[in-house]
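Kindly generate the complete structure, drawing on both the sequences and the hints.
Protein chains: 2
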Amino acid sequence: MPRSVAAHHQAVVELLTGVPANKGHLTLPLLEALGKVLAVDLYAPLSLPPFANSQMDGFAVRSADIPDGGAELRVAEPVPAGAAAPALKPGFAAPIMTGAMIPEGADAVVPIEKAIPNTFPDPAVKDAVVELPPAAPGTYIRERGSDIGKGTLALAAGTLMGPAQLGLMAALGLTTVDIRQPCRVLLVTTGDEVVEPGQDLTSGKIFDSNGTLLEASMRQAGLEVVRAGISDDRPAALLAVLRRHTGTGADRVDLIVTTGGVSKGAYEVVKQAMADQPVEFLPVAMQPGGPQGLGTFDGVPFLGFPGNPVSCLISFEMFLRPALTQVLGTPAPRPVLRARLSEPLTSPEGKHQVRRGTVESNGTVRMEGGAGSHLVHALARANSLVHVPGDVTELAEGDEVEVWML
Amino acid sequence: MPRSVAAHHQAVVELLTGVPANKGHLTLPLLEALGKVLAVDLYAPLSLPPFANSQMDGFAVRSADIPDGGAELRVAEPVPAGAAAPALKPGFAAPIMTGAMIPEGADAVVPIEKAIPNTFPDPAVKDAVVELPPAAPGTYIRERGSDIGKGTLALAAGTLMGPAQLGLMAALGLTTVDIRQPCRVLLVTTGDEVVEPGQDLTSGKIFDSNGTLLEASMRQAGLEVVRAGISDDRPAALLAVLRRHTGTGADRVDLIVTTGGVSKGAYEVVKQAMADQPVEFLPVAMQPGGPQGLGTFDGVPFLGFPGNPVSCLISFEMFLRPALTQVLGTPAPRPVLRARLSEPLTSPEGKHQVRRGTVESNGTVRMEGGAGSHLVHALARANSLVHVPGDVTELAEGDEVEVWML
Numbered sequence: 001m002p003r004s005v006a007a008h009h010q011a012v013v014e015l016l017t018g019v020p021a022n023k024g025h026l027t028l029p030l031l032e033a034l035g036k037v038l039a040v041d042l043y044a045p046l047s048l049p050p051f052a053n054s055q056m057d058g059f060a061v062r063s064a065d066i067p068d069g070g071a072e073l074r075v076a077e078p079v080p081a082g083a084a085a086p087a088l089k090p091g092f093a094a095p096i097m098t099g100a101m102i103p104e105g106a107d108a109v110v111p112i113e114k115a116i117p118n119t120f121p122d123p124a125v126k127d128a129v130v131e132l133p134p135a136a137p138g139t140y141i142r143e144r145g146s147d148i149g150k151g152t153l154a155l156a157a158g159t160l161m162g163p164a165q166l167g168l169m170a171a172l173g174l175t176t177v178d179i180r181q182p183c184r185v186l187l188v189t190t191g192d193e194v195v196e197p198g199q200d201l202t203s204g205k206i207f208d209s210n211g212t213l214l215e216a217s218m219r220q221a222g223l224e225v226v227r228a229g230i231s232d233d234r235p236a237a238l239l240a241v242l243r244r245h246t247g248t249g250a251d252r253v254d255l256i257v258t259t260g261g262v263s264k265g266a267y268e269v270v271k272q273a274m275a276d277q278p279v280e281f282l283p284v285a286m287q288p289g290g291p292q293g294l295g296t297f298d299g300v301p302f303l304g305f306p307g308n309p310v311s312c313l314i315s316f317e318m319f320l321r322p323a324l325t326q327v328l329g330t331p332a333p334r335p336v337l338r339a340r341l342s343e344p345l346t347s348p349e350g351k352h353q354v355r356r357g358t359v360e361s362n363g364t365v366r367m368e369g370g371a372g373s374h375l376v377h378a379l380a381r382a383n384s385l386v387h388v389p390g391d392v393t394e395l396a397e398g399d400e401v402e403v404w405m406l
Numbered sequence: 001m002p003r004s005v006a007a008h009h010q011a012v013v014e015l016l017t018g019v020p021a022n023k024g025h026l027t028l029p030l031l032e033a034l035g036k037v038l039a040v041d042l043y044a045p046l047s048l049p050p051f052a053n054s055q056m057d058g059f060a061v062r063s064a065d066i067p068d069g070g071a072e073l074r075v076a077e078p079v080p081a082g083a084a085a086p087a088l089k090p091g092f093a094a095p096i097m098t099g100a101m102i103p104e105g106a107d108a109v110v111p112i113e114k115a116i117p118n119t120f121p122d123p124a125v126k127d128a129v130v131e132l133p134p135a136a137p138g139t140y141i142r143e144r145g146s147d148i149g150k151g152t153l154a155l156a157a158g159t160l161m162g163p164a165q166l167g168l169m170a171a172l173g174l175t176t177v178d179i180r181q182p183c184r185v186l187l188v189t190t191g192d193e194v195v196e197p198g199q200d201l202t203s204g205k206i207f208d209s210n211g212t213l214l215e216a217s218m219r220q221a222g223l224e225v226v227r228a229g230i231s232d233d234r235p236a237a238l239l240a241v242l243r244r245h246t247g248t249g250a251d252r253v254d255l256i257v258t259t260g261g262v263s264k265g266a267y268e269v270v271k272q273a274m275a276d277q278p279v280e281f282l283p284v285a286m287q288p289g290g291p292q293g294l295g296t297f298d299g300v301p302f303l304g305f306p307g308n309p310v311s312c313l314i315s316f317e318m319f320l321r322p323a324l325t326q327v328l329g330t331p332a333p334r335p336v337l338r339a340r341l342s343e344p345l346t347s348p349e350g351k352h353q354v355r356r357g358t359v360e361s362n363g364t365v366r367m368e369g370g371a372g373s374h375l376v377h378a379l380a381r382a383n384s385l386v387h388v389p390g391d392v393t394e395l396a397e398g399d400e401v402e403v404w405m406l
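So the protein sequences, as listed, match chains A and B.
So for the first sequence, my numbering puts the first residue at 1; every next one is plus one.
So for the second sequence, my numbering puts the first residue at 1; every next one is plus one.
Treat the hints with caution; some may be incorrect.
What the hints assert, rightly or not - To list a few chain A residues with every Cβ distance to chain B over 10 angstroms, as calculated:
1) Glu14
2) Ala64
3) Pro67
4) Asp127
5) Ala136
6) Ala236
7) Leu282
8) Gly390
Claimed, not checked - Within a straight-line C-alpha distance of at most 20 angstroms, the following computed PhoX-like cross-link-like pairs (lysine-lysine) qualify:
9) B:Lys36 to B:Lys23
10) B:Lys351 to B:Lys264
11) A:Lys36 to A:Lys23
12) B:Lys264 to A:Lys114
13) A:Lys264 to B:Lys114
14) B:Lys126 to B:Lys89
Treat the hints as calculated values from the structure; they're not laboratory data.
On a predicted model such as this, the values are computed, not experimentally measured, just so you know.
No residue lacks a Cβ here, since even glycine has one placed at the ideal position from N, Cα and C.
This is the structure in structure tokens:
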């Protein structure tokens with residue numbers, strides 16, 4: 001009985017669980033940490049905002065100076081942006097710009113639009129006055145620490161550092177960030193029939209697309225990829241490649257991913273090379289990407305993906321990518337949405353089918369190519385993966401399906 | 001009357017329309033083109049698959065050899081993967097693995113599971129036979145060119161190069177790709193109150209988070225960012241910075257983005273510096289991010305964002321990012337979905353409000369922080385932007401809203 005998609009996903013999560021503990025930290029300038037994962041809890045070294053400031057362009061006032069009917073106040077010196085504000089004397093209103101410090105004594109801001117006149121007086125004019133409506137204490141004031149208080153947790157270890165997280169660190173005055181060293185993965189394509197792009201393509205051969213497809217996917221997911229090129233169908237050759245990266249030296253990787261050689265054919269090089277290792281080869285109830293290998297090779301976590309390009313990509317998206325998110329905190333999960341089918345679909349009973357589709361702006365999704373796992377041109381047109389659960393064999397046009405945006 | 005969000009978006013698209021024509025091409029190795037945009041139409045230099053091959057592990061047969069009731073056929077030499085297959089003689093069935101070339105004369109594949117016996121015979125055994133059910137011509141054969149035919153359009157100019165697109169290029173045997181040179185943007189933060197992270201924070205000052213927030217966002221969107229640091233509130237200083245990047249030399253940029261100095265305060269440095277330029281400063285019916293500047297500075301497209309960090313980010317996400325997608329083909333658009341509010345919301349009439357939220361796995365979205373545009377810690381917790389259209393002033397818990405995933 002094939003393993004369920006959920007059970008295999010869980011097995012991949014468990015396989016990777018020990019990886020982060022082996023990884024050190026790196027200190028990087030903020031912008032170099034974009035897309036990487038915070039290694040430590042980060043506490044705010046100062047409060048944000050660092051001082052009470054105005055939310056509007058207007059007049060800083062003492063609220064008690066203005067009765068219900070409004071009041072005419074004398075105009076004080078404007079509060080300069082970026083400097084300590086002088087205290088506000090009773091009976092005065094100080095012109096203040098958005099973000100400028102609230103003067104001592106002031107406890108509210110009246111927006112310029114509500115003032116009469118509703119423009120700021122020329123600073124050269126002496127003894128200017130302004131008529132203002134009343135304002136409750138605190139009106140249009142951003143209190144010190146109202147976004148985050150000094151010493152409180154700003155970002156938790158494991159946070160994925162995007163623009164907003166890096167922007168917060170800058171607002172806190174920080175210039176560097178401690179991130180986790182990326183996970184290193186060895187990627188090996190296998191098969192006598194596979195040749196490197198740019199080489200001669202003789203009869204019966206195909207170019208290796210899996211290496212590029214997976215390396216690009218892994219890079220986007222924050223992994224450091226070690227490419228070992230193409231290994232042919234001799235188990236000894238594959239073993240030699242793997243063993244260069246499983247010793248104790250600098251070439252050691254955290255994870256091995258192979259493509260091909262895991263199915264039921266007569267020449268399954270990955271299966272053969274793993275014969276003495278604690279590696280399981282098993283069918284997962286999924287199409288494409290059914291045959292999967294999982295275990296450890298000389299103690300290094302190992303995943304064996306099938307050989308077709310679409311199967312590879314779907315193995316990555318269904319198992320490795322979500323497990324990385326769960327265990328390492330990066331990459332961000334694929335956005336999940338529901339879309340209406342623009343065409344009917346059939347799916348084999350008992351298998352979770354993952355089709356490639358294009359979600360249109362009207363909320364429908366159409367298929368790109370058929371179910372075939374070799375359709376790499378169709379894959380390149382798709383913007384999403386379309387899920388048909390194992391217990392569903394037929395869907396009509398207009399039926400809703402779950403879609404993962406690529 | 002403020003300009004609508006849609007009208008301002010359209011104005012930004014028009015502002016950027018001339019930019020791509022000024023940009024040259026770059027030839028890069030495939031993986032370095034990840035996230036960049038294809039500069040030219042790409043036609044397939046070969047067909048995919050390059051030859052008819054088997055979709056299954058099984059036996060290649062001449063379909064005419066097997067009558068309705070099945071037949072016993074002699075087992076031919078196995079088809080070696082990665083080599084030209086010898087022609088199949090009548091009355092024979094050739095063991096064949098997934099992806100191997102269909103031998104001349106064969107026109108169908110019977111999967112190994114349907115064979116009796118259902119395992120491949122030892123190649124050392126002479127005169128082996130196998131009993132096979134009938135198969136219609138074409139069964140389990142992937143025809144040459146069924147994914148894409150030689151000479152047809154594989155990828156159109158303007159395609160964003162992700163893993164699948166690069167994987168397709170590798171499958172076509174290509175090792176380099178012509179991409180568009182990235183658009184260069186000059187990013188200037190303004191304000192007397194703003195200091196660089198890492199400097200001393202004296203009274204009334206704040207650290208510049210806009211620079212980091214926007215540079216990170218722009219890098220993720222595929223722009224090349226030129227940082228000009230912080231310009232204070234003297235228009236002459238800002239003009240000097242801008243003019244270093246608008247000449248005809250190598251420092252020239254394709255776009256200028258400033259933050260701050262576009263509102264109704266008394267010291268609006270960007271407004272003052274643009275006084276002689278064809279630049280409009282106008283309110284957009286949006287909160288936050290209402291005050292916007294748009295035009296050209298010495299002929300270079302210019303956008304003036306407001307000064308609060310959340311306003312900056314929302315200006316980028318609402319106007320610049322979608323316009324880049326439309327005009328340059330990159331970045332990929334934000335996934336749009338609908339989510340149910342986990343709390344009631346109010347919104348000012350006539351303004352499109354953009355709140356920050358976290359979409360949960362159960363399809364609900366909760367707000368991160370209030371409406372205030374200074375809440376950069378709240379922004380760093382959010383995974384999405386929540387849209388409340390201008391004609392909506394109240395929403396109840398459970399109401400559906402449009403959400404853009406960040």
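**Request:** Mind checking the alpha carbons of Lys126 of chain B and Lys89 of chain B for me, to see if they're no more than 20 angstroms apart?
**Result:** With Cα atoms ~16 angstroms apart, Lys126 of chain B and Lys89 of chain B stay inside 20 angstroms; holds.
**Asked** Given the proposed pairing of Lys36 of chain B with Lys23 of chain B, does the C-alpha separation stay at or below 20 angstroms?
**Response** At roughly 13 angstroms apart (the allowed maximum being 20 angstroms), Lys23 of chain B and Lys36 of chain B satisfy the hint.
**Beyond 10 angstroms from each Cβ of chain B, as asserted for Ala236 of chain A** = Consistent with the label, Ala236 of chain A stays out of reach of chain B, its closest Cβ about 17 angstroms off (over 10 angstroms).
**Prompt:** Are all beta-carbon distances from Ala136 of chain A to chain B longer than 10 angstroms?
**Reply:** holds (17 angstroms)
**Straight-line alpha-carbon gap Lys36 of chain A to Lys23 of chain A, limit 20 angstroms** = holds (13 angstroms)
**Item:** Status of Gly390 of chain A, Cβ more than 10 angstroms from any chain B Cβ
**Value:** At about 19 angstroms from chain B, Gly390 of chain A clears the 10 angstroms cut-off, so the statement holds.
**Prompt:** Does Pro67 of chain A really sit off the interface, with its C-beta more than 10 angstroms from all C-beta atoms of chain B?
**Reply:** Holds, because the least Cβ-Cβ distance between Pro67 of chain A and chain B comes to about 27 angstroms, which exceeds 10 angstroms.
**Message:** Would the hint linking Lys351 of chain B and Lys264 of chain B be met if the CA-CA limit is 20 angstroms?
**Reply:** holds (18 angstroms)
**Request:** Quickly compare the C-alpha distance for Lys264 of chain A and Lys114 of chain B to 20 angstroms and report which way the hint goes.
**Result:** holds (13 angstroms)
**chain B versus Leu282 of chain A - minimum CB to CB distance exceeding 10 angstroms, so not interface** = holds (16 angstroms)
**Item:** Given as non-interface: Glu14 of chain A, which should sit over 10 angstroms from chain B by C-beta
**Value:** Per Cβ check, Glu14 of chain A is outside 10 angstroms of chain B; nearest 21 angstroms; holds.
**Prompt:** Straight-line Cα separation of Lys264 of chain B and Lys114 of chain A no greater than 20 angstroms?
**Reply:** With a Cα-Cα distance of about 13 angstroms, the restraint between Lys264 of chain B and Lys114 of chain A holds, given a limit of 20 angstroms.
Violated hints for the displayed structure: none, as all numbered hints are satisfied.
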